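Chains as they are written, first to last, in the numbering used here: chain A, 12 to 297; chain B, 95 to 447.
Since the hints were made in silico from the structure, they are not lab data. Bear in mind the structure is a predicted one, so any value in this text is a computation, not a measurement. Think of the CB as a built atom: it goes at the ideal place given N, C-alpha and C, for glycine as much as any other residue. It cannot be assumed that every hint is accurate.
Stated by the list, open to error - What follows is a list of derived Cβ distance ranges for each label pair:
id, chain 1, residue 1, chain 2, residue 2, range
1, A, 92, B, 425, 26 to 34 angstroms
2, A, 96, B, 399, 22 to 30 angstroms
3, A, 283, B, 261, 50 to 58 angstroms
4, B, 351, A, 283, 23 to 31 angstroms
5, A, 283, B, 292, 34 to 42 angstroms
6, A, 65, B, 427, 53 to 61 angstroms
7, B, 351, A, 175, 38 to 46 angstroms
As the list claims (entries may be wrong) - In silico contact screen, one side only, chain A against chain B (beta carbon under 10 angstroms); selected entries:
id, residue
8, 96
9, 103
10, 106
11, 114
12, 231
13, 271
14, 282
To be verified - One side of the interface only, derived from the structure: several residues of chain B facing chain A at Cβ under 7 angstroms:
id, residue
15, 207
16, 229
17, 361
18, 368
19, 400
20, 404
21, 405
22, 407
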Amino acid sequence: MIWIDTIVQGILLGGLYALFAAGLSLVFGIMRLVNLAHGDLIVLGSYVILFVVSALGINPFLAAALAAPVMFLLGWVLQKLVLNRTLGEDILPPLLVTFGLSIVIQNGLLEGFSADSQRMSLGALETASVSLGPITMGVMPLMTFASAILVIVALNQLFYRTAIGRAFRATSDDATTASLMGIRPDRVFASATAIAMLVVTIAALYLGTRANFDPSIGPARLIYAFEAVIIGGLGSLWGTLIGGIIIGVAQTLGAAINPEWQILAGHVAFLIVLLVRPRGLFPKGA
Amino acid sequence: MSATYSVTTRTKSSSIAVLLAVLSVAVLIAAPGFAARGTIQDLFFILTMLTLAQFWNLLAGYGGLVSVGQQAFVGLGAYALYGAVILGGIDPVMSILVAGVAALLLAVPTGFFAFRLHGAYFAIGTWVIAEVVRLSVAQWRSVGGGTGTSLPREALREMVLVDWIQELFGVRSSAARDILAYWIALALAVGTITGIYWLLRSKRGLALSAVRDNIEAAQSVGVDAGRMRWLVFLTSAFGTGLAGGLIYLQKARISPDAAFSVTDWTAYVIFIVVIGGIGTIEGPILGVLIFFLLQNLLADYGSWYLMILGLIGIGVMLFAPRGLWGLISEKTGLQLFPVRRRLVGGQLTNKEG
Numbered sequence: 012m013i014w015i016d017t018i019v020q021g022i023l024l025g026g027l028y029a030l031f032a033a034g035l036s037l038v039f040g041i042m043r044l045v046n047l048a049h050g051d052l053i054v055l056g057s058y059v060i061l062f063v064v065s066a067l068g069i070n071p072f073l074a075a076a077l078a079a080p081v082m083f084l085l086g087w088v089l090q091k092l093v094l095n096r097t098l099g100e101d102i103l104p105p106l107l108v109t110f111g112l113s114i115v116i117q118n119g120l121l122e123g124f125s126a127d128s129q130r131m132s133l134g135a136l137e138t139a140s141v142s143l144g145p146i147t148m149g150v151m152p153l154m155t156f157a158s159a160i161l162v163i164v165a166l167n168q169l170f171y172r173t174a175i176g177r178a179f180r181a182t183s184d185d186a187t188t189a190s191l192m193g194i195r196p197d198r199v200f201a202s203a204t205a206i207a208m209l210v211v212t213i214a215a216l217y218l219g220t221r222a223n224f225d226p227s228i229g230p231a232r233l234i235y236a237f238e239a240v241i242i243g244g245l246g247s248l249w250g251t252l253i254g255g256i257i258i259g260v261a262q263t264l265g266a267a268i269n270p271e272w273q274i275l276a277g278h279v280a281f282l283i284v285l286l287v288r289p290r291g292l293f294p295k296g297a
Numbered sequence: 095m096s097a098t099y100s101v102t103t104r105t106k107s108s109s110i111a112v113l114l115a116v117l118s119v120a121v122l123i124a125a126p127g128f129a130a131r132g133t134i135q136d137l138f139f140i141l142t143m144l145t146l147a148q149f150w151n152l153l154a155g156y157g158g159l160v161s162v163g164q165q166a167f168v169g170l171g172a173y174a175l176y177g178a179v180i181l182g183g184i185d186p187v188m189s190i191l192v193a194g195v196a197a198l199l200l201a202v203p204t205g206f207f208a209f210r211l212h213g214a215y216f217a218i219g220t221w222v223i224a225e226v227v228r229l230s231v232a233q234w235r236s237v238g239g240g241t242g243t244s245l246p247r248e249a250l251r252e253m254v255l256v257d258w259i260q261e262l263f264g265v266r267s268s269a270a271r272d273i274l275a276y277w278i279a280l281a282l283a284v285g286t287i288t289g290i291y292w293l294l295r296s297k298r299g300l301a302l303s304a305v306r307d308n309i310e311a312a313q314s315v316g317v318d319a320g321r322m323r324w325l326v327f328l329t330s331a332f333g334t335g336l337a338g339g340l341i342y343l344q345k346a347r348i349s350p351d352a353a354f355s356v357t358d359w360t361a362y363v364i365f366i367v368v369i370g371g372i373g374t375i376e377g378p379i380l381g382v383l384i385f386f387l388l389q390n391l392l393a394d395y396g397s398w399y400l401m402i403l404g405l406i407g408i409g410v411m412l413f414a415p416r417g418l419w420g421l422i423s424e425k426t427g428l429q430l431f432p433v434r435r436r437l438v439g440g441q442l443t444n445k446e447g
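Only chain A is shown next, with the shape it has when bound in the complex (with noise of 0.2 angstroms):
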């Protein structure tokens, strides 16, 4: 009964992955960028939740939707005054300009806020839980994995449903004749990037409410994220978030034979999927 309950909250865990990736997911597929500083933009904007919470004295639930648009607006000028300049054939300048930016990022964090670690607190939520049967669940990771569906389930709709998502489609497909139907590429990929941040928020609000932080943290998030990309396989945000829970599983087991092996585990089975699936286990077009 207990390898059930640990493969359960392991799936759970696996809903904050998604979280993690959807955002990185979403760059990717439309503008084929790779953000290094994916992770450090998460835990930028867990503080920027966490300076909202204790500037105001509210709710970390209310204090990320005062920060959404914080973080939606630095998407948009990020890609628009930086990363669109460094987008092309070559992959050295994205590569390199995000990496110096999740230094950057970091080490403001450190400068600002100090290496302490922070957690907002979310009061009797933080504890409550419900059991199912002989499993009991978190209220929190519930919530977590239910965002995560939801932010997937919105992706799609926004995707396959909306002007802009049209406009995304076109855009990824072939950027010059996009351009020739009167859509500007470097505003159609300042929106991604700005709608990205929406989800980094949300996967801001679960990492600073659930456990600790500081300004060290990002890069093994953006770790976590990508592995749960190439599980999935590129393009796919379904297939996402079974990366994320394959990593979420595979971190728990891991942590139940032996407390040390958690983060191992997880990078084991990501290895063990690119060995066997080298395109991941949903890749678009196959």
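Using the hints, position chain B against chain A.
What follows is chain B alone, placed relative to chain A:
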């Protein structure tokens, strides 16, 4: 008319550069005779960072393989050296070779996994593998597990050549060890630069540039792109492992978090190459000097230092993607290590002359 022209890469400035390089190496070899111990330690730091930068530049600037996981090879090389000294009782200096070989062996499975990922995903893939190696090494109890360990005093005291250096310069054993490490670092850096320069001027170097510039065109004239990738990846891993072993031989103390630090062994190295000028041999040399100056200027400002370094790196990448050396050589046409092949002699030049 036969054999009146030849293919050469030599220019007037490169001949002067060779002369200058020989002179500076001579001065650097003699440096322990007149420089203070602090200076020797600074030079050691510069030379080892230069070696790491040259190998990353070979990967990214020439091979098009952007690795963010070089700390795997630094860390594993360093730990292999500690393992060889502590468990195998091998002389620390000889163990540097063990460090290189260990990194080379690690590069085989790393390449096997990472080459399945393309472009940007290759970068994060190497990072994941570096994390796996760090977490695994932290489980290795006999070299201190997660908390790390030190090199045993006896092994350091009995290191080869230390007695000789002590007598030669009349210094204590600890200073003599620094001098020995410095000389090895100098040899490694000079060997790395000459080796890479030789590689780039050879037939393989031409193939390498061809693959980087246009992989389809290169393949269509018979270049084996996959083999070139393996060649640079394995070479870089070996060299990075040697440097890692040497760095931690000099530090004499190791822990997994320090030896596998992405900031120290990959971020700094990337900034050195980008700021100096990626895809040139001169770039990392210029970059490491700027890096060292910045570090000394901003040493008291803690995390501001890294922030500024990051911003400079971003600025250079956006506005001068070929780095400072790129700007200099564009303005002046100067090339100290030219790899471009030119025709010299032959009919056309004869008519003029």
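Please list, smallest to largest, the hint numbers that this structure does not respect. none
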